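Protein sequences appear in the order of chains A and B.
When we follow the numbering used here, the leftmost residue of the first sequence carries the number 1, and every step to the right adds one.
When we follow the numbering used here, the leftmost residue of the second sequence carries the number 1001, and every step to the right adds one.
Among the clues, some could well be false.
As the list claims (entries may be wrong) - Computed far set for chain B versus chain A, every beta-carbon distance over 10 Å:
| hint | residue |
| --- | --- |
| 1 | Lys1105 |
| 2 | Tyr1116 |
| 3 | Leu1207 |
| 4 | Val1294 |
| 5 | His1386 |
To be verified - Here's a subset of chain A near chain B, in silico, CB distances under 8 Å, partners left out:
| hint | residue |
| --- | --- |
| 6 | Met49 |
| 7 | Leu52 |
| 8 | Asp57 |
| 9 | Ile58 |
| 10 | Leu73 |
| 11 | Ala78 |
| 12 | Asp79 |
| 13 | Trp97 |
| 14 | Gly99 |
| 15 | Tyr125 |
Unchecked claim - Once the Cα atoms are required to be at most 35 Å apart in a straight line, the calculated DSBU-like pairs of lysine-lysine come out as:
| hint | chain 1 | residue 1 | chain 2 | residue 2 |
| --- | --- | --- | --- | --- |
| 16 | B | Lys1250 | B | Lys1339 |
| 17 | B | Lys1321 | A | Lys62 |
| 18 | B | Lys1384 | A | Lys115 |
| 19 | B | Lys1298 | B | Lys1378 |
| 20 | A | Lys167 | B | Lys1321 |
| 21 | B | Lys1199 | A | Lys62 |
| 22 | A | Lys149 | A | Lys167 |
| 23 | B | Lys1101 | B | Lys1370 |
| 24 | B | Lys1321 | B | Lys1309 |
| 25 | B | Lys1101 | B | Lys1384 |
| 26 | A | Lys115 | A | Lys130 |
| 27 | A | Lys149 | A | Lys62 |
| 28 | A | Lys62 | B | Lys1309 |
| 29 | B | Lys1298 | B | Lys1205 |
| 30 | B | Lys1370 | B | Lys1339 |
| 31 | B | Lys1378 | A | Lys40 |
| 32 | B | Lys1199 | B | Lys1110 |
| 33 | A | Lys128 | A | Lys62 |
| 34 | B | Lys1309 | B | Lys1298 |
| 35 | A | Lys40 | A | Lys149 |
| 36 | B | Lys1101 | A | Lys62 |
| 37 | B | Lys1250 | B | Lys1199 |
| 38 | A | Lys40 | A | Lys62 |
| 39 | A | Lys62 | B | Lys1384 |
| 40 | B | Lys1105 | A | Lys62 |
It should be emphasised that the hints constitute simulated quantities derived from the structure, not laboratory data.
The structure presented is a predicted model; accordingly, all values stated were derived computationally and were not measured.
We put the beta carbon where it would ideally sit given N, CA and C, even for glycine.
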Amino acid sequence: MKKSIGVTGILFFLTSFCLAQELTLDEIMQRYYVANNMEKLQEVNTIIMTGLRVQQDIMPLKIVRKRPDLYLLDFYVADLNAFQAYDGETAWVTSPWTGNAAPQVLQGSRERDMKYQSDFDGMLYRWKEKGHLLKLEGIDTLDTGEAYKIRLIRADSAIQYYFIDRKDFLLKKQLTYRTFRGEEIAIETYFRNYRDVDGIPFAFLLETSYAGRSVSNEIETIELNVPVEDDLFRMPQ
Amino acid sequence: MKHLFSPRPSSFLLLPITLVLLAATLPAQDVVLQWRGADRTGYYHESGLLQSWPAEGPGLLWAFDGLGNGYSSPVITSDRIFITGETDTVTYLFALDRSGKYLWKVPVGKEWTINYPGARSTPTVVDDLLYVSTGLGTIACLEAKTGTKKWSYEMQQDFHAPRNTFGFSEGLLVDGNLVFCTPGSPDTNLVALDRFTGKIEWISKGLGEHAAYCSPLLIRLPERNILVTFTAHALLGIDATDGTLLWSHKQDGEGDVHVNTPWFEDGYIYYITGDGNGSVKLKLSADGSGITEVWRNKACDNTMGAFIKLGDYIYTASYEKRLWYIQDATSGQLTDSIKFDKGNTIFADGRLYLYNERGLLGLFKPEGPKMELVSSFKVTWGTKAHYAHPVICDGILYIRHGNSLLAYNIKEVR
């Protein structure tokens, strides 16, 4: 009897100790900002990434970002050059594999997804000012280790999940949902192979899976603060 | 108005009759320069090549930019380089000199641009004539000196060729006085043309299936020459003399993309294809009139990177797994796999050249059931996908990367 009380006491102590060690949402986010060197990132005005997009084919890829929210993805499908972009006002895409190479303006949820995706600092930074809501949902075990699962309710009410590593406080996974042909599909992206670029960590491998498909963006080069004209992001007329 | 089964604008009629007669009496085996080398195997009979490369790769001799889009390989003659490229939906035939200097270009026909836009067909050169096709089905014979068109066909109109998913991609095969093409229509499945005049010599109905992007193989036997190629769901053996379908080997996979030229050696045909079909060894009867399946291995798949057989082993890339496989040619079993991502391969002077879709060119030493990476470098010059098969000629490695043709010196320094 004494022995079982003793074991229970130790377990209680350990559990209490572990809970005491858990961080609040604000503490997690603070460490996330530090881990990502958000202070240094504020000095960065443009980011240019080049690499390969590996799906069935292996094709070139280029991502250009500019403050505050300009975004251009220049990629290839079936060796046809395509774009997804946001110029701060208009979200547009080209889909030449459909037989129509003309740019199309995105509407509705796709437009909003592109707009939020274009946030230079990411949605987790200054999330309150941006009108998003965050909630710590617990801890999940990923293949990269344990991660804080954080639910983000976007200003437009769309829900996304972020998984921040418990040890290094870098983003390891993102889970979003999109409606495609009337069905909601989950889109999972793993962020791997973090490397330092001018003091800022970047994931050089992004593995995305959805509806039984997978695509990897393998980043080869990242350049910061290369001058980029705003016209680059505008939809061609 | 073009007439069915008539060659297109026929400047050849203006040629002196003596020239036509002379050409018609040429020996059956002219020097043919074509897709993946003289015998379409990708085995280049070169010697004195570098057995390893510096970290940055072999020295770049020159680069020619301005080919336009394309996946075709160059063909190298004693004084010329011929290669195709697409600009604004038109395929051009380019002639360069051996130092990479531009000489001329001529339009050949409309190119496929719906997906993977660009020239597909590697020219075939026989003496002073050149044969080329385009993704939308132009078949043309041109003079190698000037690019002047002698005759042409439009396979869609003239031979009822149905459109396929990726455009016509055949490297035209020549045997003696004949040049062959594969429209893939039910009534005009394969066609043999007089290579000097464009006159139709025979039409084979084959199995009536659409073309499968394959550059055919010619097997020379004492009894007959056999044209071996794929249509949508079968390998066909066609008597090259009269178009008789001798045999076929049905595919049981879903796919209809069979780009790789089969390989013939010691009475056996080997082929590797993708989309659930895999690799196959067939025994060809002595007279070429029949086949027997020896083995089939669906795990060893390759869609368009070809393969090399050296002795008892086959070296190829797996399309699905993105690995390189070594396969026992006797049993069909895989003996090893190497991570180098998928791509194409050629061989010369004891080394395999693996060019993967990431643009990495690896120099591998084949050692029977295994192979070892010796050197590699990344091809950074050029545009778009790394699909074109490399070519080696006189100690120079030619890499086509989209808009650019690159020439590397791989001669061993003595």
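A quick look at each hint next to the structure:
1. Non-interface status of Lys1105 of chain B relative to chain A is upheld: no Cβ of that chain comes within 10 Å, the nearest being about 22 Å off.
2. The non-interface label for Tyr1116 of chain B is inconsistent with chain A: the shortest C-beta to C-beta separation is roughly 4 Å, within 10 Å.
3. Under the 10 Å C-beta cut-off, the non-interface status given to Leu1207 of chain B relative to chain A holds; the minimum distance is some 28 Å.
4. Taking the minimum C-beta to C-beta distance to chain A, about 31 Å, the non-interface status of Val1294 of chain B holds against the 10 Å cut.
5. At roughly 8 Å from the closest C-beta of chain A, the C-beta of His1386 of chain B falls inside 10 Å, breaking its exclusion from the interface.
6. Nearest Cβ of chain B to the Cβ of Met49 of chain A: about 16 Å, over the 8 Å cut. The hint is violated.
7. About 6 Å separates the beta-carbon of Leu52 of chain A from the nearest beta-carbon of chain B, less than 8 Å, and the hint is met.
8. This hint holds: Asp57 of chain A has a C-beta 7 Å from the nearest C-beta of chain B, less than the 8 Å allowed.
9. Using the Cβ-Cβ criterion of 8 Å, the hint placing Ile58 of chain A at the interface with chain B is satisfied: the shortest such distance is roughly 4 Å.
10. With 8 Å as the threshold, the beta carbon of Leu73 of chain A stays out of range of chain B, its nearest partner Cβ sitting at about 17 Å, so the hint is violated.
11. A distance limit of 8 Å between C-beta atoms decides the matter here; for Ala78 of chain A the minimum to chain B is near 4 Å, and the interface restraint holds.
12. Because the beta carbon of Asp79 of chain A sits about 4 Å from the nearest beta carbon in chain B, less than 8 Å, this interface hint is met.
13. A distance limit of 8 Å between C-beta atoms decides the matter here; for Trp97 of chain A the minimum to chain B is near 6 Å, and the interface restraint holds.
14. A distance limit of 8 Å between C-beta atoms decides the matter here; for Gly99 of chain A the minimum to chain B is near 7 Å, and the interface restraint holds.
15. Evaluation of the Tyr125 of chain A hint against chain B yields a violated restraint, the C-beta minimum of about 34 Å exceeding 8 Å.
16. At most 35 Å may separate the alpha-carbon atoms for a hinted pair to count; Lys1250 of chain B and Lys1339 of chain B meet this at roughly 31 Å.
17. A C-alpha spacing of about 26 Å is found between Lys1321 of chain B and Lys62 of chain A, which places the hinted pair at or below 35 Å, so the restraint holds.
18. In summary, the hint linking Lys1384 of chain B to Lys115 of chain A is supported, as the alpha carbons are separated by about 28 Å, within the 35 Å threshold.
19. Restraint check: the Cα-Cα separation between Lys1298 of chain B and Lys1378 of chain B comes to about 31 Å, which is no more than 35 Å; the hinted pair holds.
20. At most 35 Å may separate the alpha-carbon atoms for a hinted pair to count; Lys167 of chain A and Lys1321 of chain B meet this at roughly 33 Å.
21. In summary, the hint linking Lys1199 of chain B to Lys62 of chain A is not supported, as the alpha carbons are separated by about 50 Å, beyond the 35 Å threshold.
22. For the proposed pair Lys149 of chain A and Lys167 of chain A, the alpha carbon gap of about 13 Å is at most 35 Å, so the pair holds.
23. With a C-alpha separation of about 41 Å, the suggested pair Lys1101 of chain B and Lys1370 of chain B falls outside the 35 Å cut-off, and the hint is violated.
24. The suggested pairing of Lys1321 of chain B with Lys1309 of chain B holds, with an alpha-carbon distance near 20 Å, which does not exceed 35 Å.
25. Between Lys1101 of chain B and Lys1384 of chain B, the direct Cα distance comes to roughly 23 Å. Compliance with the 35 Å bound is thereby established for this hinted pair.
26. Among the hinted pairs, Lys115 of chain A with Lys130 of chain A is consistent with the structure: their alpha-carbon atoms are about 12 Å apart, no more than 35 Å.
27. At most 35 Å may separate the alpha-carbon atoms for a hinted pair to count; Lys149 of chain A and Lys62 of chain A meet this at roughly 30 Å.
28. Pair hint Lys62 of chain A plus Lys1309 of chain B does not hold up; C-alpha atoms about 38 Å apart against a cutoff of 35 Å.
29. Taken as a hint, the Lys1298 of chain B and Lys1205 of chain B pair is honoured in the structure, with Cα atoms around 28 Å apart against an allowance of 35 Å.
30. Distance check on the hinted pair: Lys1370 of chain B and Lys1339 of chain B sit about 13 Å apart at the alpha-carbon level, within 35 Å; holds.
31. The straight-line distance between the Cα atoms of Lys1378 of chain B and Lys40 of chain A is roughly 33 Å, inside the 35 Å bound, and the hint therefore holds.
32. About 22 Å separates the Cα atoms of Lys1199 of chain B and Lys1110 of chain B, which keeps this hinted pair within 35 Å; it holds.
33. Taking the CA atoms of Lys128 of chain A and Lys62 of chain A, the gap is near 31 Å; set against the 35 Å cutoff, the hint holds.
34. With a C-alpha separation of about 18 Å, the suggested pair Lys1309 of chain B and Lys1298 of chain B falls inside the 35 Å cut-off, and the hint holds.
35. The suggested pairing of Lys40 of chain A with Lys149 of chain A holds, with an alpha-carbon distance near 25 Å, which does not exceed 35 Å.
36. Pair hint Lys1101 of chain B plus Lys62 of chain A holds up; C-alpha atoms about 32 Å apart against a cutoff of 35 Å.
37. Our distance criterion of 35 Å between C-alpha atoms is met by Lys1250 of chain B and Lys1199 of chain B, whose separation comes to about 31 Å.
38. At most 35 Å may separate the alpha-carbon atoms for a hinted pair to count; Lys40 of chain A and Lys62 of chain A meet this at roughly 23 Å.
39. Taken as a hint, the Lys62 of chain A and Lys1384 of chain B pair is honoured in the structure, with Cα atoms around 12 Å apart against an allowance of 35 Å.
40. Proximity of Lys1105 of chain B to Lys62 of chain A is assessed by CA-CA distance (about 32 Å); at most 35 Å being required, the pair is judged to hold.
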